[in-house]
Amino acid sequence: MKMAQCIATATPLVAFLLPAPSHGATSEWVTSPGGTVRIVASQPRPDGSIPAILEVRLKPGWKTYWRDPGASGIPPQVTLDPSGGVILKAIRFPAPKTFGEGPGRYVGYDQPVAFPLELKRVANGGDLAIRASVFLGICEDICIPVQGELNLALKSGGFDNPLDGARIDKAVAALPEAPSDDFRVTKASFDAAARMIHLDLRLPKAAGGGPVDLFLSGPPGIFFGKPVLGGPGVERRAEIPVKLSGKDKRIAGKAIALTVRAGGRSMETTLAFD
Numbered sequence: 117m118k119m120a121q122c123i124a125t126a127t128p129l130v131a132f133l134l135p136a137p138s139h140g141a142t143s144e145w146v147t148s149p150g151g152t153v154r155i156v157a158s159q160p161r162p163d164g165s166i167p168a169i170l171e172v173r174l175k176p177g178w179k180t181y182w183r184d185p186g187a188s189g190i191p192p193q194v195t196l197d198p199s200g201g202v203i204l205k206a207i208r209f210p211a212p213k214t215f216g217e218g219p220g221r222y223v224g225y226d227q228p229v230a231f232p233l234e235l236k237r238v239a240n241g242g243d244l245a246i247r248a249s250v251f252l253g254i255c256e257d258i259c260i261p262v263q264g265e266l267n268l269a270l271k272s273g274g275f276d277n278p279l280d281g282a283r284i285d286k287a288v289a290a291l292p293e294a295p296s297d298d299f300r301v302t303k304a305s306f307d308a309a310a311r312m313i314h315l316d317l318r319l320p321k322a323a324g325g326g327p328v329d330l331f332l333s334g335p336p337g338i339f340f341g342k343p344v345l346g347g348p349g350v351e352r353r354a355e356i357p358v359k360l361s362g363k364d365k366r367i368a369g370k371a372i373a374l375t376v377r378a379g380g381r382s383m384e385t386t387l388a389f390d
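Just so you know, our numbering puts 354 at position 238 of the sequence shown, and the rest follows in order with no gaps.
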C-alpha cells in the first residue's frame, strides 16, 4: 500500500463539526468522508477522575493513526478548555498495526477504535463541561485532517448511560497490559555508535514462532526504523534503528514508550537509557 500523503492545507478536505444537540454524556459527532469522531464520558469518580474515550468510527478501507504514526501522519490531538472544570492528563492507545514498507511505512488502525482519555475534575462541585478541540487524520489513499469542537455536559448527580459505560470499559480493556513474568523486556541497551536499540524480550508461550510486532514512541527529535527480530521462541532479541534530529542528539534520560503485540496479547512499558 502506498504511503498515505497528508494534506494539511486543502480546506475542502478538512471535516468540521456541524452543530447538533448533545445528549447526556455523549458529544455530537464530527463527520468526515472516512468516518466520524466523538467523545463519550461518565460521571466523575470520588478521586476526581472521569472515565472517557475518543471514539473513531472508520468507514471500510479507511485508517487513522497511532500516537507515533511514522514518517507521515496526524496522531490524535485533544485540547480541553479548562474553564469547563475538566483537564486532560493523557490519551491512551491500544496496540496498532503497521502499514506499508520502507519510507511509506506508517502505524495506525484500520478498524473502528476508541482511545481512552485520562480526564480529571478540577472544579469543586457543580456541573462540568467538557469542551474539546480535536484534530486527527483519517486516511484512505490520502490523509484528510479532521478537526472540530466536541462538547458535552456532565450534570452533577446525573446518571450514566449503561451503553456509554460499556463502550468506555471495552476501550480500557483493549489497552496493552503491564509487563509480567511471561511478557516483558528482560534487557534493554542503546548502541550510540550504531544508533541502535537492542532489546531482549520474553514473550507469551502462545506467541511461539508467530508474528511479533514492536512499536516505539519517543519525544520530538527521535525517530525509529523498522524493528528486526530474531526467533523463533519465547526469548527473542530485537534491534531497532534510531535517528536523532535537532540540536539534542542524545537518547539518555528520555522516556520511550514500547508496545509489543504477540500471541494475541499486547504489552506496554517505558524504556529509559543511561
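These are computed hints drawn from the structure, not numbers from a lab.
Predicted model, so just to flag it, every value in this text is computed and none were measured.
Please note: incorrect hints may appear among the correct ones.
Stated by the list, open to error - Using C-beta positions, here's what the derived DEER-type ranges look like: (1) E217 / A290: 45 to 51 Å; (2) S296 / R161: 38 to 44 Å; (3) G380 / G216: 21 to 27 Å; (4) E217 / A310: 19 to 25 Å; (5) S199 / L291: 28 to 34 Å.
Glycine residues also receive a C-beta, built at the ideal position from the N, C-alpha and C atoms.
We went through each hint and held it up to the structure:
1. E217 / A290: 45 to 51 Å: Cβ of E217 to Cβ of A290: about 27 Å, so the range 45 to 51 Å is violated.
2. S296 / R161: 38 to 44 Å: With Cβ atoms ~26 Å apart, the hint is violated.
3. G380 / G216: 21 to 27 Å: For G216 against G380, whose Cβ atoms are near 24 Å apart, the range 21 to 27 Å holds.
4. E217 / A310: 19 to 25 Å: Taking Cβ atoms as reference, E217 and A310 lie about 22 Å apart, which means the hint holds.
5. S199 / L291: 28 to 34 Å: Given range 28 to 34 Å: holds, Cβ gap about 30 Å.
In this structure, the hints that do not hold are numbers 1, 2, in rising order.
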